[in-house]
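Trainee: Chain B with the ligands: place on chain A using the hints.
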Amino acid sequence: MAHAGGRAPLTPFFRAGSRDALRGAPPGDAQAKKPVLVFDGVQKVYRQPSGGDMHVLRGVDLVIDRGEFVFVTGPSGAGKSTMLKLVYKAETVDDGRILFCGRDIARLTDESIPFLRRNLGIVFQDFKVVPTWTVAENVAIALEVLGLSSRLIRQRVAVALERVGLSGRGGDRAGVLSGGEQQRVAIARAIVGEPAMVLADEPTGNLDPALALDVLGLFEEIHASGTTVLFATHDRTLLDVRPRRILVLDEGRVTDVQSGLSAFAEPLAGYVDGTNDVDVEVAHDEPVVARHARASRAARETREERRVRRAG
Amino acid sequence: MAGSLERAKRGLYAEWRLHVLSVVSLAVAFVCLGAALLVVVNLHSLKERWGRIGRASVYLKDGAAPQQVDALVAALKQTEGVREVRYLSPADARTAALGGGDPTLKALPQDAFPASIEVDVAPEVPEADVAMIVSKLGALPAVEGVETYGTWTERLGSLLQGGTIAAGALAAIVFGAVLAVVASTMRLALTRRRTEVEVLRLVGASDGFVRTPYVLEGTFQGAIGSTTAVAILAGLFFIVKSRADGDLSGLLGLDPIFLPLSVMAALVGTGALLGALGGALGLRKLTAV
Ligand SMILES: Nc1ncnc2c1ncn2[C@@H]1O[C@H](COP(=O)(O)OP(=O)(O)O)[C@@H](O)[C@H]1O
Ligand SMILES: [Mg+2]
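From first to last, the protein sequence lines are chains A and B. Here this note's numbering is used: the first residue of the first sequence is 1, the next is one more, and so on. Here this note's numbering is used: the first residue of the second sequence is 1, the next is one more, and so on.
Isolated chain B, as found in the complex:
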């Protein structure tokens, strides 16, 4: 084993240009994969965050009597899981909307803003229960319509699903590319090291003895390539994050997150494994001299 490591090191050293080229291509492939995973991870955390917020706006008909509204507010306050109920008059809604100081909004008439009841549901309440409350509210005569963030979460969910499928497809492509790159690098290294293999055969090296260094070299390449990719991604991520700090997190309602440690470890591990596989693949045609 020590001898194999030594020979792998000698091989990497002697053909360092070839191996650097290979590592760079692997890093590029893994940056693509890592970026896709980064998107998926953030969509997921976004869905987690928004999916938990049970919030509904119950828009009231213009002709709704104040008693009806009061009764509704009282009934909602009694409902299990409801944390807060707040009546928003058209004037309140207008001030809230104009908080941004948008001049086009200011031009809108008073009745463009319907009165509503804002309902906060505890995060523990399952989405199904929230949906039931919503459908019941929608049937009431004073209610014009109910809006929840459920559709938001749904859309985010389907986006996440799409992202996951895309990342999966990308992963398959990247894995194939990594195997091909390592295998062809090894084949090239092998033809350049014909004499070495010939000598090993002549002095009675076993098949495993001949192959092990090449598999080790492939493993190093894969591991170094994927580690470099993770480092590049981390660098880019933190640069982008520091530039777009306030706006981005304000928009999304949370800070974008980097790949969790487990995902980073999995990426590097996969790189090493694929490298080893590619190395072994490149030696398929290694026959006796």
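Next up, chain A with everything else stripped away, as it sits in the complex:
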């Protein structure tokens, strides 16, 4: 149905009931080939206090389909956080369009922003967990804003905490948790509302390498259950855990690199000639850390090393 004019909607971003339809389908599903997020010639300029303009994004085009897991990478200051901020409307585009689930969020009114954010799960480097609240309260808040019944909230919070490996910790004060645990709380809060997409901005930035892989594993599990994930990181070691679609952001533009066919990411160079067919069979009962350590090792292995290993 045609929309009358380009006027910004005052109505809720999504009607109740339509949220389920937005949930990502598992990858490979025929229905999955529907874009969740589209950047169309997006430009972003920051006005510097000193006077000069800073063009962070100079015409970014990209399409992310439902059920995809996409990395955004690039050097520090490339504009990764800015890209995500444009999606959850902490910043506004200067030119171009951003379609989220088919609607142009560049034209969204301030009143509609909460409705947009209820369809997004957002995870940050600094966790953003309320230390004086309990773990369960921190997760429940994402459902309380939806006005769900407290019984339903309790149930879904318990499920979310179990998914991030924190079942039984619901009553603990979030402030006493370790960094890795706090990030799990933040992830549980991001997924408990079953959002159309999860945005992660350097979620492993404050964690040591083992915990970082652990957290990446959590996002992969979330993705495996059908959720679209956009994961921003400058940490290359996370990129080579397994073949992935990677968006490389540099000089204000995005290079879309499918399945690691990249000249950018040096550890991924092994994929280019196709001979390095990394086969990481995933045993599902294997602990997350071990699984990723193995995957990481496999991805880093050079052709020479592999030939040597196979011959030997």
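No lab work stands behind these hints, which were simulated from the structure alone. Be aware that one or more of the hints could be misleading.
[What the hints assert, rightly or not] Pair by pair, the computed Cβ-Cβ distance ranges are:
| id | chain 1 | residue 1 | chain 2 | residue 2 | range |
| --- | --- | --- | --- | --- | --- |
| 1 | B | Ala266 | A | Asp95 | 54 to 62 Å |
| 2 | A | Leu152 | B | Pro260 | 45 to 53 Å |
| 3 | B | Gly269 | A | Arg97 | 49 to 57 Å |
| 4 | B | Val20 | A | Gly179 | 38 to 46 Å |
Beta carbons: idealized from backbone N, C-alpha and C, even for Gly.
Mentor: Just chain B with the ligands now, kept in the frame of chain A:
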């Protein structure tokens, strides 16, 4: 709403020191206001009491003939609204004055006490009528002068007016102070709870959802502060009253009274309302994260 209450409770609990400090300052402000109101209320009841008593002393000239006096007494007894008329000879006046046993009074000569006619007017008689009777009496040849309690009531009236104005000014100051205290407490609570507000914004809380707990916390603060003030005032009032019992009421002609229930309720209500307003005011600068 239940969620907002829950979050308000969490906020009060987490920052209880801050909130206790705020409540104490509010209580002090409201004690000042309540004390002023207490004075006004008692002045008012004093005026009510004394304003109703129509009583006049008609002082007679030294040379007044007994017949003139008798005629005057008879005429007064006929006057409408007059309940009692009593002649007081100089000797009577002297005994009445010396009842207190004051030795300096005893030294005074007999004629220092003029003869008088004491007139009691019914309380229903309007002050204007009493004033008319008084002016007529004053014109009579045997009469030296007339004294009524009207001047007393007038003075009490102007005192009451002054007290009311002072209480009004004090109320304005107190209201301003309460708003400022609650607003700055909320601002402080807000900066300490930056993460909380940030999180609420991120999970898509509406503006009202973010603000309501803070407004509720302000309301609690105002209500608790003013209730504490009323309790403190009541305690002080009854301590003072029990100590100064007989003398005070003897002096004033009535028992001092505490704030009526309606005034107490209004104080607490005002406290809650100002607290809510202060809470909302403290959140003015709450912008999107
Ligand atoms: N609010 C802002 N005002 C001005 N400049 C900003 C603002 N936010 C970010 N920038 C600048 O924009 C550039 C991109 O920032 P950011 O998106 O955070 O990069 P990344 O997340 O890739 O490290 C940086 O140079 C940063 O200094
Ligand atoms: Mg960043």
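Trainee: Does the Cβ distance between B/Gly269 and A/Arg97 fall inside 49 to 57 Å?
Mentor: Because 53 Å falls inside the window, the suggested range holds.
Trainee: Between B/Val20 and A/Gly179, is the Cβ distance one that fits in 38 to 46 Å?
Mentor: Check failed, 33 Å falls outside 38 to 46 Å.
Trainee: In this structure, is the beta-carbon distance linking B/Ala266 and A/Asp95 contained in 54 to 62 Å?
Mentor: The hint (54 to 62 Å, Cβ to Cβ) holds, given that B/Ala266 and A/Asp95 are roughly 58 Å apart.
Trainee: Using the beta carbons of A/Leu152 and B/Pro260, state whether their distance is inside 45 to 53 Å or not.
Mentor: Roughly 49 Å apart at Cβ, these two residues keep to the hinted range, so it holds.
Taken one by one, the earlier hints fail for this structure only at number 4.
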